[in-house]
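Colleague: Read off the chains here:
Number of protein chains: 2
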Amino acid sequence: MIVVKIGGSAGVNLEAVCDDAASLVRGGQRLVLVHGGSDATNTLARSLGTPQRTITSPSGHQSRRTDRETLAVFQMACRGMLNQKIVELLQARGVNAVGLSGMDGRLWEGERKKAIRSVEGTRTVIIRDDYSGNVERVNAGLLRTLLEAGYTPVVSPPGISTEHEPINVDADRAAAATAAALGAESLLLLSNVRGLLSAFPDESTLIERVDRAGIEHAASIAQGRMKKKVLGAADALVGGVRRVVIGDARSPGSISRALSGEGTVFS
Amino acid sequence: MIVVKIGGSAGVNLEAVCDDAASLVRGGQRLVLVHGGSDATNTLARSLGTPQRTITSPSGHQSRRTDRETLAVFQMACRGMLNQKIVELLQARGVNAVGLSGMDGRLWEGERKKAIRSVEGTRTVIIRDDYSGNVERVNAGLLRTLLEAGYTPVVSPPGISTEHEPINVDADRAAAATAAALGAESLLLLSNVRGLLSAFPDESTLIERVDRAGIEHAASIAQGRMKKKVLGAADALVGGVRRVVIGDARSPGSISRALSGEGTVFS
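One line per chain: the protein sequences are A and B, in this order.
Going by our numbering, the first residue of the first sequence is number 1, and it counts up by one from there.
Going by our numbering, the first residue of the second sequence is number 1, and it counts up by one from there.
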């Protein structure tokens, strides 16, 4: 069993990822695909004229401001568009894919963050109407039911809060929680870079291996979205996943290449 | 087992429908919910500035022109927004709902109509890039798998073509095909009218019962979207469903009232 998170950024070759996924599924590999939708959300928000804002935490970490209006845009982009695009690509390749969000069957459940500190200029304000959180429980039973019946789940944010609201969750870390809950052998986090780079964006500085002792250092090197991937890798290893690979989804065979150890391997 | 189609038109009380669904599910009733998304699609298309057009068949029947751009809007509105809203309402009422589109697991499969005749002014043109069709096969196995595992499926258009494209399908007739495939006892088609009216919109002219011999006459009375419901009722009866009720979803208890025979009963 493997869990594959596909990034939605520019350069990611979704068709090629689905070609590779289909050939693995045909070969008997059990596979759960996870995706995010940051870029698709930004594009749709621009078309709709919905303002997109960022929250900056006191420690300098940035995240999407997800009020209820942005959440609706996020659901349309992730769940309505990108998830169904991936299902379509897989169905066209003979894979009987089933799209799910983290709300369906309470697949990804966690607390909503009810008070978020945000630095705005020189002030720190408390935001109470944000819909975001972390995945604390995964309904692995639903995924197993579908896998055993021959389906390939394709999972998209949002998750669901303990009070039944949609919550924006980070898809890399949600994929990590999913891999741990399923007892997956490998978690692959594929995007538009070769892996973790010691001097981003210089791709010749790929770090090929990170062991458990080196994760803290790796997280300190990682920038922007890569930091979430490294934290996801750490979560997954702690959760019992044997191996996590941060790999490249820009060219064909990306899943197979990551499985063979191409990219940054955490173990 | 019952299949309930909920209309998305103005006046439909989704919260009340979900209250009623939850109380039935708690009582052990197996339920599949189906919804469309015409009004939600129109609203989103207006926000996005996507022009919405209508196809008029030589026999005068009107349908949505679904080119690939409109299809994307339709998927975002149906699948991304309305479907997940219903899942959220049910989850908040303790029902473990799972949203699916007709593409997921090839739930609703049919041929895409590759040449549609459309009357435009005095000319009849052939449209070849429309994405619509009828549901010819239902993957009842996927629905049964979910129901047996304790989930309540909530199914949304589009369907999937034999060539793996999304296709706009009529949700009333798709619900009828679903009820037949599941061997459901009842199919309820709930919207913002009391039922089939002999003199629309006069609600005092409700037709309370239609038997098999009367269906053709009923279809000739029905106007606009109601015609699809009557055709759906006919499909379902032919498919072995014992009873179809066209009922009112504007006030509380709509599912229970339709089950008790309130509305227009076809049997």
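Simulated from the structure, these hints should not be mistaken for lab results.
Hints are supplied without guarantee of correctness; some may be wrong.
One copy or two, either will do: identical chains are not told apart, so a pair holds if it fits within one copy or between any two.
[As the list claims (entries may be wrong)] Straight-line Cα separation of at most 25 Å, BS3-like style, residue types lysine-lysine; simulated pairs:
(1) 227 with 85
(2) 113 with 227
(3) 228 with 114
Colleague: Against the earlier hints, flag every one the structure doesn't satisfy and list their numbers going up.
Modeller: 1
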